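Undergrad: Chains as they are written, first to last, in our numbering: chain A, 7 to 221; chain B, 7 to 221.
Distance windows between CB atoms, simulated:
no., chain 1, residue 1, chain 2, residue 2, range
1, A, ASP27, B, ASP22, 17 to 25 Å
2, B, LYS94, A, HIS50, 25 to 33 Å
3, B, ASP22, A, ARG82, 17 to 25 Å
Chain B stretches covered by chain A per the calculated footprint, using a threshold of three residues with CB under 8 Å from any CB of chain A:
no., segment
4, 79-87
5, 182-189
6, 197-208
Please keep in mind that the hints were generated in silico from the structure rather than gathered at the bench.
Just so it is clear, the structure is predicted and the values come from calculations on it, not from any experiment.
Every residue, glycine too, gets a C-beta built ideally from N, C-alpha and C.
Number of protein chains: 2
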Amino acid sequence: MRSFVVIGQKATASDDFLMDDLPGTSGRLDVLLRCVRAATLYSHGLRRDVVVYLVLFGGPRAPRILRFDGKARFLRPDERSLATLARKMLATRADADARGFVEFRAGIAVASGGLSAVLADLRGASLYVLEEGAPDLRTERSLAHGDAAFFIGDHTGFDEATRTQLAEAHARAIGAGPVSLHAEDVVTIVSNELDRREALSGRDESVQKRNPGLT
Amino acid sequence: MRSFVVIGQKATASDDFLMDDLPGTSGRLDVLLRCVRAATLYSHGLRRDVVVYLVLFGGPRAPRILRFDGKARFLRPDERSLATLARKMLATRADADARGFVEFRAGIAVASGGLSAVLADLRGASLYVLEEGAPDLRTERSLAHGDAAFFIGDHTGFDEATRTQLAEAHARAIGAGPVSLHAEDVVTIVSNELDRREALSGRDESVQKRNPGLT
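Make a model of the complete structure from these sequences and hints.
TA: As structure tokens, then:
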């Protein structure tokens with residue numbers, strides 16, 4: 007299982023944004039929603055082994071988290087559809103008095119809480135934080151062995167509290183290349199690297215099955 | 007200079023789509039507009055060395071081409087802003103009786119025509135076509151030596167005529183990984199590979215400058 011956790015420092019945790027001016031009225035929730043597409047959808051399909059957390063630190067109901075996984079069959083790639091879904095999720099009060107994630111629809115859940123709630127939900131996954139100038143993900147040997155979660159900042163990066171919390175959780179810093187990219191592009195590049203490693207390891211296994219004498 | 011050419015087999019070449027239902031009314035122009043963001047924008051900036059062509063084969067005014075380059079300073083990342091801009095560009099009649107590209111604003115141009123008009127505009131660039139199962143772009147040695155143009159299909163891939171025309175133009179097939187991806191993710195992965203190669207070649211040059219005896 008791969009998880010992506012996108013931190014929106016100003017992204018609104020309530021539903022009072024304008025659909026016709028998402029960047030201007032939602033604390034750049036548009037950045038985070040584009041990450042949902044990049045993480046969960048490929049050509050004509052939905053990735054089943056992915057979970058995306060959007061951590062919303064903006065507005066009166068913050069902090070809150072939106073969680074999307076591979077059972078969310080009706081996810082659509084365009085920003086307006088994703089914003090419509092997010093607005094419905096943010097309008098619920100079901101998470102206000104609950105602990106942990108409350109399912110909104112199949113594969114889609116909401117929680118009141120911030121990074122700690124995400125870390126609790128990720129139990130056992132290897133943690134990586136995407137940082138500019140960190141060692142290249144292409145040469146990170148530990149990737150693709152078991153569950154992994156990737157923390158990505160929005161257009162403003164990470165705040166100090168988040169950085170400290172991730173360090174305490176032993177998140178390993180990795181980089182996605184020499185250029186400072188949009189969050190959704192980072193999701194795409196991490197996904198591509200994991201796809202390549204999984205394909206390679208699948209091919210290795212099938213080779214071993216055909217040649218059981220090989221070790 | 008790097009160029010991305012995205013082929014929209016059904017994407018509308020006229021301005022009669024609904025802003026509130028872009029995927030349902032524009033022949034999936036939304037797919038192509040997301041490629042503009044992926045190709046031209048990075049965190050807090052616009053790439054100056056990139057040109058994007060959207061080739062529109064749908065609707066009554068097809069074929070037409072929208073061209074965006076690094077002089078287009080007011081490009082915004084969200085889909086609605088890009089769709090608003092595209093609608094204004096598609097409403098013009100300036101290209102109807104003109105040959106080649108007609109500038110709409112600085113860095114933004116429109117042309118009546120299809121793939122041949124793009125190929126004429128690209129004069130001299132090495133051509134690559136992104137195909138599933140083709141040799142991996144990571145091992146393609148010719149990349150990043152001079153101007154390169156990358157042809158990418160929309161959610162329906164390439165039609166036979168396009169495929170034939172690209173083969174006749176000696177476009178080389180390359181692949182972006184083992185999973186069939188959205189067009190905008192392919193743009194991101196190609197951009198990341200080129201960024202890495204340029205950074206590496208820049209570093210090599212700076213090493214050579216510091217150590218002029220090295221060859």
